[in-house]
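Peer 1: Go ahead and model the full structure; you've got the sequences and the hints to work with.
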Amino acid sequence: MATPFPELTDRARDVFRIVVESYLGSGAPVGSRTISKLGGMNLSPASIRNVMQDLEELGLLAAPHTSAGRMPTESGLRLFVDGMMQAAEPTADERAAIEARVTQAGPIEDALAAASAALSGLSACAGLVLVPAHEPKLRQFAFTPLSATQALAILVGDDGSVENRVMAIPPGMSASTLAEAGNFMTARLSGMTLAEAAATLAREIGQERAALDQAARGLVLAGMAEWAKDSAHRPVLIVRGASHLLDEATSGDLDRVRLLLDEIEGKEDIARLLDSARDGESTKVFIGAENKLFALSGSSVIAAPWHGRDGRVVGVVGVIGPTRLNYARVVPMVDFTAQTLTRLMR
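Per our numbering, residue 436 is the first one in the sequence shown, and the count goes up by one each step.
Hints are supplied without guarantee of correctness; some may be wrong.
[What the hints assert, rightly or not] Beta-carbon label-pair distances, calculated as ranges:
no.	residue 1	residue 2	range
1	R778	G494	36 to 44 Å
2	G715	A535	22 to 30 Å
3	L681	R600	34 to 42 Å
4	Q521	L587	46 to 54 Å
5	A498	V597	52 to 60 Å
6	G518	M602	49 to 57 Å
[Unchecked claim] Straight-line Cα separation of at most 25 Å, DMTMM-like style, residue types lysine to aspartate or glutamate; simulated pairs:
no.	residue 1	residue 2
7	K572	E544
8	K572	D714
9	K727	E716
10	K472	D449
11	K727	E509
12	K727	E491
13	K727	E700
14	K727	D745
15	K702	D770
16	K572	E598
17	K572	D545
Since the hints were derived computationally from the structure, they do not count as laboratory data. Where a beta carbon is used, it is the ideal one built from N, C-alpha and C, also for glycine.
Peer 2: Below, the structure written as structure tokens:
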């Protein structure tokens, strides 16, 4: 994203970078004396104060009423993230932790929740995953016997998603009937969305055009009803680790974090924000009042899209927390998690 600010001198850039990095690390405003004690600056506190004053006049730094130090404004954070930040790639341990949580989670719903939890734990923020808002095309159906009265109904989407449902079956239903029902649905309904498949199935069975015996026909209808019922109640947004935000606020601004938690509870607004990250190939960073949703809480969202088998964007994964995030560490972490989910779909 292009910034509206003029080019800074090398001296101003150095001072600005130190202020931002120190603030993001400590959460406290940074004074000129603190900067002067750092090696490599070769500037007096008075010279540093002058530079900081210039940066404040540009709208990049601000001075809280209770401190003589400076802290970055949201505009300053945007300039830092877009043009100065030196991203730190996830460590081998962090990559292994994310991959282990995501790839060992089982069905896609569990993998998404695991991705959210992994990001939350590593970033000390709340982890977010936007579940696909659209219905994937269906690829395969199957029914596997579990007992004399239960079967596992399996639905596979063309994006790699797998949905399993335990359903009741009439006692004595044969394995061949289960196989017949699954094969029929795969042959006739593959390539459709769940809604399209349900409508087609109802029409064909209603017109007696479905070449199924009575037992298989009942199984097909029951299986479709199970998947459709669950799909209608699937959450749009998965949130994990919101308690981390309270931990971060114990010595900070608790009121702002309470506002943020209220915003997270309004999942529809957060979901719309995440959905706006679907149109990009790379990670997006939303800082504070740049989005009116966070005008009061002063929060930031880091989000990246993940893709399905056909390369289309399937959903968005990210974190939400105070604007004082370790952007250099968390941005690559979110990006790696999105890449891991994309690999899982292939």
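Peer 1: Next, verify each hint and record whether it holds.
Peer 2: Against the structure, the hints:
1. R778 to G494: 36 to 44 Å: holds, 41 Å
2. G715 to A535: 22 to 30 Å: For A535 against G715, whose Cβ atoms are near 27 Å apart, the range 22 to 30 Å holds.
3. L681 to R600: 34 to 42 Å: At roughly 36 Å between Cβ atoms, R600 and L681 fall inside 34 to 42 Å, so the hint holds.
4. Q521 to L587: 46 to 54 Å: Roughly 49 Å apart at Cβ, these two residues keep to the hinted range, so it holds.
5. A498 to V597: 52 to 60 Å: holds, 55 Å
6. G518 to M602: 49 to 57 Å: For M602 against G518, whose Cβ atoms are near 55 Å apart, the range 49 to 57 Å holds.
7. K572 to E544: holds, 17 Å
8. K572 to D714: holds, 20 Å
9. K727 to E716: holds, 24 Å
10. K472 to D449: Distance of about 14 Å is within 25 Å: holds.
11. K727 to E509: Since the Cα atoms of K727 and E509 sit roughly 13 Å apart, the hinted pair holds (cutoff 25 Å).
12. K727 to E491: holds, 23 Å
13. K727 to E700: holds, 16 Å
14. K727 to D745: violated, 34 Å
15. K702 to D770: holds, 22 Å
16. K572 to E598: holds, 13 Å
17. K572 to D545: Given that 25 Å is the threshold and the Cα spacing comes to 20 Å, the pair holds.
In this structure, the one hint that does not hold is number 14.
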